[in-house]
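In order, the protein sequence lines correspond to chains A and B. First residue of the first sequence? That's 1 in the working numbering, and the numbers climb one at a time after it. First residue of the second sequence? That's 1001 in the working numbering, and the numbers climb one at a time after it.
Please note that a few of the clues may not be correct.
[What the hints assert, rightly or not] Listed next, the in silico DSBU-like pairs over lysine-lysine satisfying Cα-Cα at most 35 Å (straight line): (1) B/Lys1003 <-> A/Lys78; (2) A/Lys78 <-> A/Lys15; (3) B/Lys1003 <-> B/Lys1069; (4) A/Lys78 <-> A/Lys11; (5) A/Lys17 <-> A/Lys78; (6) A/Lys11 <-> B/Lys1003.
[Said to hold, decoys possible] Here are some, though not all, of the chain A residues that point toward chain B, as calculated from beta-carbon distances under 7 Å: (7) Tyr18; (8) Gly42; (9) Pro43; (10) Asp63; (11) Phe65; (12) Phe66; (13) Leu91; (14) Glu104; (15) Gly108; (16) Gly110.
Everything labelled a hint here was simulated from the structure, so no lab data went into it. All C-beta atoms in this analysis are idealised placements derived from N, C-alpha and C, irrespective of residue type, glycine included.
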Amino acid sequence: GAGVSQTPSNKVTEKGKYVELRCDPISGHTALYWYRQSLGQGPEFLIYFQGTGAADDSGLPNDRFFAVRPEGSVSTLKIQRTERGDSAVYLCASSLLGQVNTGELFFGEGSRLTVL
Amino acid sequence: DAKTTQPNSMESNEEEPVHLPCNHSTISGTDYIHWYRQLPSQGPEYVIHGLTSNVNNRMASLAIAEDRKSSTLILHRATLRDAAVYYCILRAYRPGTASKLTFGTGTRLQVTL
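Let the sequences and hints guide you as you build the complete structure.
Here is the structure:
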């Protein structure tokens, strides 16, 4: 499809388990972003990539969270030893690098994570 | 990141114009003003952005104060499909590199018949 694709759309897991969330950006977009959103809040920045490298990971809350983008396209957000407080919608977005004239981030519909 | 202030919620009647305000008194010279909106159960979507001059596109207009310390998103004729949370965001421009968006809590717009 033409848009940002995120899988799974819903994930229910138990406390302490490991989770992976996948993001397929728009083809040709070199910048990729991860956000998470709790109920009633705006999206909270986690990390963004320029190509394969993490350009800014200042939003990752702790070392249980890790993200990779090995070939500069698909990205995976990995959460170890999940906690109930990790429950949220995880949003992925992509954009053309350094595009000021459009400045547009394209978001996926998110992966809803529920930790029981 | 410079901060923006928006009302928590606003209401509008369908087919009427809506003016969504945003204050950003600590804006810096390289900050662009971006607006995104988020419809229920969807990811945010881009609406419009500008630097100094007023901007128009098919979705909305953006009016920027002369001192750039405030801006207003204008929906010319609100429809029920415009009911969403609208986020006003300052985004620093750095040539040749992307930069993150920092979302606040936005303005929840309700549109009624």
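Now the hints, each set against the structure:
A hinted pair counts as satisfied when its Cα atoms are at most 35 Å apart, and lysine 1003 of chain B with lysine 78 of chain A qualifies at roughly 30 Å. Distance hint between lysine 78 of chain A and lysine 15 of chain A is fulfilled; the C-alpha atoms sit about 15 Å from each other, no more than 35 Å. A hinted pair counts as satisfied when its Cα atoms are at most 35 Å apart, and lysine 1003 of chain B with lysine 1069 of chain B qualifies at roughly 11 Å. With a CA separation close to 13 Å, the supplied pair lysine 78 of chain A and lysine 11 of chain A stays within the 35 Å bound.
In summary, the hint linking lysine 17 of chain A to lysine 78 of chain A is supported, as the alpha carbons are separated by about 11 Å, within the 35 Å threshold. Of the pairs offered as hints, the one joining lysine 11 of chain A and lysine 1003 of chain B holds, with about 33 Å between alpha carbons and a cut-off of 35 Å not exceeded. Proximity of tyrosine 18 of chain A to chain B is violated relative to the hint, the smallest CB-CB distance being about 25 Å (cut-off 7 Å). A least Cβ separation of about 3 Å between glycine 42 of chain A and chain B falls short of the 7 Å threshold, and the interface hint therefore holds.
Interface restraint check for proline 43 of chain A: the shortest CB-CB distance to chain B comes to about 5 Å, inside 7 Å, so the restraint holds. Annotation: interface hint on aspartate 63 of chain A violated; nearest CB of chain B at approximately 20 Å, more than 7 Å. Taken as an interface hint, phenylalanine 65 of chain A does not check out: its beta carbon lies about 16 Å from the nearest beta carbon of chain B, beyond 7 Å. With a cut of 7 Å, the hint placing phenylalanine 66 of chain A at the interface with chain B is violated, because the nearest CB-to-CB distance is about 18 Å.
The beta carbon of leucine 91 of chain A is positioned within 7 Å of a beta carbon in chain B (closest approach about 5 Å), and the interface hint is therefore held. Annotation: glutamate 104 of chain A was flagged as interfacial toward chain B, and the flag holds, the nearest CB pair being 4 Å apart, inside 7 Å. The beta carbon of glycine 108 of chain A comes within 6 Å of a beta carbon in chain B, closer than 7 Å, and the hint placing it at the interface holds. Among the interface hints, the one on glycine 110 of chain A holds; its C-beta lies about 6 Å from the nearest C-beta in chain B, closer than the 7 Å criterion.
In the structure shown, a violation is registered for the earlier hints numbered 7, 10, 11, 12, in ascending order.
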